Amino acid sequence: MAIEVSGGFDLTDEIMRGLGKDPYALDKARFLSATFEFRMKLAIAQRKLQMRKALDELPQVLDDLWADGRYSARERRRILTSFGTRWTGRPRATVPGR
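Numbering (the working numbering), first residue to last: 1 to 98.
Quick caveat, the hints were computed from the structure, so don't treat them as lab data.
These numbers were taken from a predicted model, which means no experiment stands behind them.
Warning: the hint list may mix true and false statements.
[To be verified] What follows is a list of derived Cβ distance ranges for each label pair:
hint	residue 1	residue 2	range
1	Thr12	Thr35	23 to 29 Å
2	Leu55	Ile79	17 to 23 Å
3	Lys21	Leu55	44 to 50 Å
4	Ile3	Phe38	42 to 48 Å
5	Thr81	Met40	28 to 34 Å
6	Asp13	Arg52	43 to 49 Å
7	Val5	Arg52	51 to 57 Å
8	Met40	Glu14	32 to 38 Å
9	Leu65	Arg30	45 to 51 Å
10	Gly7	Asp56	47 to 53 Å
11	Gly20	Arg76	50 to 56 Å
[To be verified] Cross-link-like lysine to any residue pairs, in silico, SDA-like; alpha carbons within 20 Å at most:
hint	residue 1	residue 2
12	Lys21	Phe36
13	Lys28	Glu14
14	Lys53	Leu80
15	Lys21	Leu32
16	Lys28	Arg17
17	Lys53	Phe83
18	Lys41	Lys53
19	Lys48	Pro59
20	Lys28	Ile15
21	Lys21	Phe31
22	Lys28	Met16
23	Lys28	Thr12
24	Lys21	Asp10
25	Lys28	Met40
26	Lys28	Asp13
27	Lys28	Asp10
28	Lys48	Phe38
29	Lys28	Arg39
30	Lys41	Met51
31	Lys41	Arg30
32	Lys48	Phe36
33	Lys21	Arg39
34	Lys53	Leu65
35	Lys28	Phe38
Ideal placement from N, C-alpha and C gives every residue a C-beta, glycine not left out.
Work out the full structure: start from the sequences and follow the hints.
Encoded structure:
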């Protein structure tokens, strides 16, 4: 009974990998560079979809939060304020006396 195995093997690639180098790094970099604009368009389109979905769901999220009896009104206001901080990256300006 004979077993036949075929395939390719590049000793140089294996030596480079053994030295911690990627033999295809230049090809990968060229591919990434050549597809940059396309990938950015895809990323922007995906982000727009995510934002649209989040905005569509926002009224229900807010209603659910406000109706959640586990939190006091003060805690709910703090949670709502933290939403703004998370989205903008900066805290909401506070009004003295509040």
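Status of each hint after checking the structure:
Hint check: Thr12 to Thr35, Cβ distance near 27 Å, so the stated range 23 to 29 Å holds. Range check, Leu55 to Ile79: about 18 Å between beta-carbon atoms, so the 17 to 23 Å window is met. The hinted range of 44 to 50 Å is satisfied by Lys21 and Leu55, whose Cβ atoms lie roughly 47 Å apart. For Ile3 and Phe38, the Cβ-Cβ distance of about 44 Å falls inside the hinted range of 42 to 48 Å, so the restraint holds.
Taken as a hint, the range 28 to 34 Å holds for the pair Thr81 and Met40, whose Cβ atoms sit roughly 33 Å apart. Hint check: Asp13 to Arg52, Cβ distance near 45 Å, so the stated range 43 to 49 Å holds. Val5 and Arg52 have their C-beta atoms about 52 Å apart, which keeps the hinted 51 to 57 Å range intact. In this structure the supplied range 32 to 38 Å holds for Met40 paired with Glu14, their Cβ-Cβ distance being about 35 Å.
The hinted window of 45 to 51 Å between Leu65 and Arg30 holds, with their beta carbons roughly 49 Å apart. A hinted range of 47 to 53 Å for the beta carbons of Gly7 and Asp56 is consistent with their spacing of about 51 Å. Checking the proposed 50 to 56 Å range against Gly20 and Arg76 shows it holds: the Cβ atoms sit about 53 Å from each other. Restraint check for Lys21 and Phe36: not satisfied, since their Cα atoms lie roughly 24 Å apart, outside the 20 Å limit.
In summary, the hint linking Lys28 to Glu14 is supported, as the alpha carbons are separated by about 17 Å, within the 20 Å threshold. Straight-line distance between C-alpha atoms of Lys53 and Leu80 comes to about 19 Å, which keeps the hinted pair within the 20 Å bound. Annotation: proposed proximity of Lys21 to Leu32 holds, straight-line Cα distance about 18 Å (limit 20 Å). Of the supplied pair hints, the one linking Lys28 and Arg17 holds, its CA atoms being roughly 15 Å apart against a limit of 20 Å.
Straight-line distance between C-alpha atoms of Lys53 and Phe83 comes to about 16 Å, which keeps the hinted pair within the 20 Å bound. Between the alpha carbons of Lys41 and Lys53 the distance comes to roughly 18 Å, so the proposed pair stays at or under 20 Å and holds. Our distance criterion of 20 Å between C-alpha atoms is met by Lys48 and Pro59, whose separation comes to about 18 Å. For the hint linking Lys28 to Ile15, the alpha-carbon distance of about 19 Å falls within 20 Å, and the restraint holds.
The suggested pairing of Lys21 with Phe31 holds, with an alpha-carbon distance near 18 Å, which does not exceed 20 Å. About 15 Å separates the Cα atoms of Lys28 and Met16, which keeps this hinted pair within 20 Å; it holds. A threshold of 20 Å between alpha carbons decides the hint, and for Lys28 with Thr12 the separation of about 18 Å falls inside it, so the pair holds. Note on Lys21 and Asp10: the hinted pairing holds, with a Cα-Cα distance of about 14 Å set against a maximum of 20 Å.
For the hint pairing Lys28 with Met40, the CA-to-CA distance comes to about 17 Å; that is within 20 Å, so the pair holds. Annotation: proposed proximity of Lys28 to Asp13 holds, straight-line Cα distance about 15 Å (limit 20 Å). Under the criterion of a C-alpha separation no larger than 20 Å, the hint pairing Lys28 with Asp10 is consistent with the structure, at around 18 Å. With a C-alpha separation of about 16 Å, the suggested pair Lys48 and Phe38 falls inside the 20 Å cut-off, and the hint holds.
This hinted pair checks out: Lys28 and Arg39 have alpha carbons roughly 14 Å apart, not beyond 20 Å. The hinted pair formed by Lys41 and Met51 meets the criterion: a straight-line CA distance of about 15 Å does not exceed 20 Å. About 18 Å separates the Cα atoms of Lys41 and Arg30, which keeps this hinted pair within 20 Å; it holds. The suggested pairing of Lys48 with Phe36 holds, with an alpha-carbon distance near 18 Å, which does not exceed 20 Å.
A hinted pair counts as satisfied when its Cα atoms are at most 20 Å apart, and Lys21 with Arg39 does not qualify at roughly 26 Å. Our distance criterion of 20 Å between C-alpha atoms is met by Lys53 and Leu65, whose separation comes to about 18 Å. The suggested pairing of Lys28 with Phe38 holds, with an alpha-carbon distance near 16 Å, which does not exceed 20 Å.
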